[in-house]
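From first to last, the protein sequence lines are chains U and D. To convert, note that position 205 of the first sequence is 205 in the working numbering; the numbers rise steadily by one, no gaps. To convert, note that position 51 of the second sequence is 1051 in the working numbering; the numbers rise steadily by one, no gaps.
These are computed hints drawn from the structure, not numbers from a lab. Every residue, glycine too, gets a C-beta built ideally from N, C-alpha and C. Each hint can be trusted.
SDA-like mimics (lysine to any residue), calculated; alpha carbons at most 25 Å apart, straight line: (1) D:K1040 x U:R159; (2) U:K89 x U:I151; (3) U:K176 x U:M199; (4) D:K1040 x U:I151; (5) D:K1042 x U:F17; (6) U:K89 x D:L1045; (7) U:K118 x U:I175; (8) D:K1042 x U:E234; (9) D:K1042 x U:I19; (10) U:K118 x D:G1014.
These stretches of chain D come out as covered by chain U in the derived footprint (C-beta under 8 Å, 3 or more residues): (11) 1028 to 1036; (12) 1048 to 1059.
These stretches of chain U come out as covered by chain D in the derived footprint (C-beta under 8 Å, 3 or more residues): (13) 45 to 59; (14) 110 to 119; (15) 218 to 226; (16) 232 to 240.
Here is how the chains run, residue by residue.
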Amino acid sequence: MRLKELWHRLGSPRWFFQISGPLRWVLGGLALVLLLVGSIWGLAFAPVDYQQGNSVRIMYVHVPAAIVAQSVYMLMGAAGLVLLVWRMKMADIVLATAVPFGLTMTALALFTGAAWGKPTWGAWWVWDARTTSVLVMLFLYIGLYALRQAIPRAETAGRACAVLALVGTINIPIIKYSVDWWLTLHQGASFRLTEAPTMPPEMWAPLAINVLGVYCLFGANLLGRMRAEIIEREQGTQWVRELIAGRRSAGEPG
Amino acid sequence: MNFSSLEEFIAMGGHGLYVWLSYGAGLIIVVYNVVAARMKFKRALQAVRDRERRRAASSTTDASSREE
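With the rest of the complex left out, here is chain U (with noise of 0.2 Å):
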């Protein structure tokens, strides 16, 4: 398929609708076998640290939420740009269903940090640039997340979602390299793209596994929510009447 047809048929939900069924289970059943054999490794079999004890084991769920998280948000940020240059419904859809699950994601990275914090700095939080600039970016998804639900007009909801949330990610640079900018308390980057991982295998390994998992789960998510938002806004459309109506008769539980 020649890429500007696959953009086309991106734009249509139908399309879309189609073979986002089986990928979502694809996706389902890769997250599932990945986190439960991340979290496990990360958990029992994987080394303590040599300073910071077993409370090193927080990474294995803090680092992945908090990657995760970010990488939502910059995918809103180009659905953002997307639906602002050429007004593609489906741009508008990514833009509402991701919302949930990055926002989740960071309040679990969060929380996660603020109890590796306490053990590791004897304080639950600190205003150190890395857990503030996080903290702004879980700001930004309240926001997003308010927004739509306070103007009542969709079309003016999503472009004044899409301008937040491409305004927003001025912010996810500012995360990354917080780390290296200012003196923080947060310990530097676990994965750099340019270098080899300074954490043993033993560690690294069950981290990644962990980090797949998220972004897996996060696709599945994604399309299961996405599917849900395209029969609600296309409920009119002979093609949700239909498919509803074969969901019927073959006895499908709905």
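With chain U fixed as given, assemble chain D onto it according to the hints.
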């Protein structure tokens, strides 16, 4: 395995509270997202069905009022 007994595994060398709080929160967030997506889908299907039922009901009352 890094632990020689279940007690040791739960205690996490004194960091048990923090480690288990984190994994518990992680599990809650994952389950919440899966359940919320499922519920959203069910609600959307129900909305379409209700809409169809209303349409069907209004078209039969139209027909009966025309007969009278």
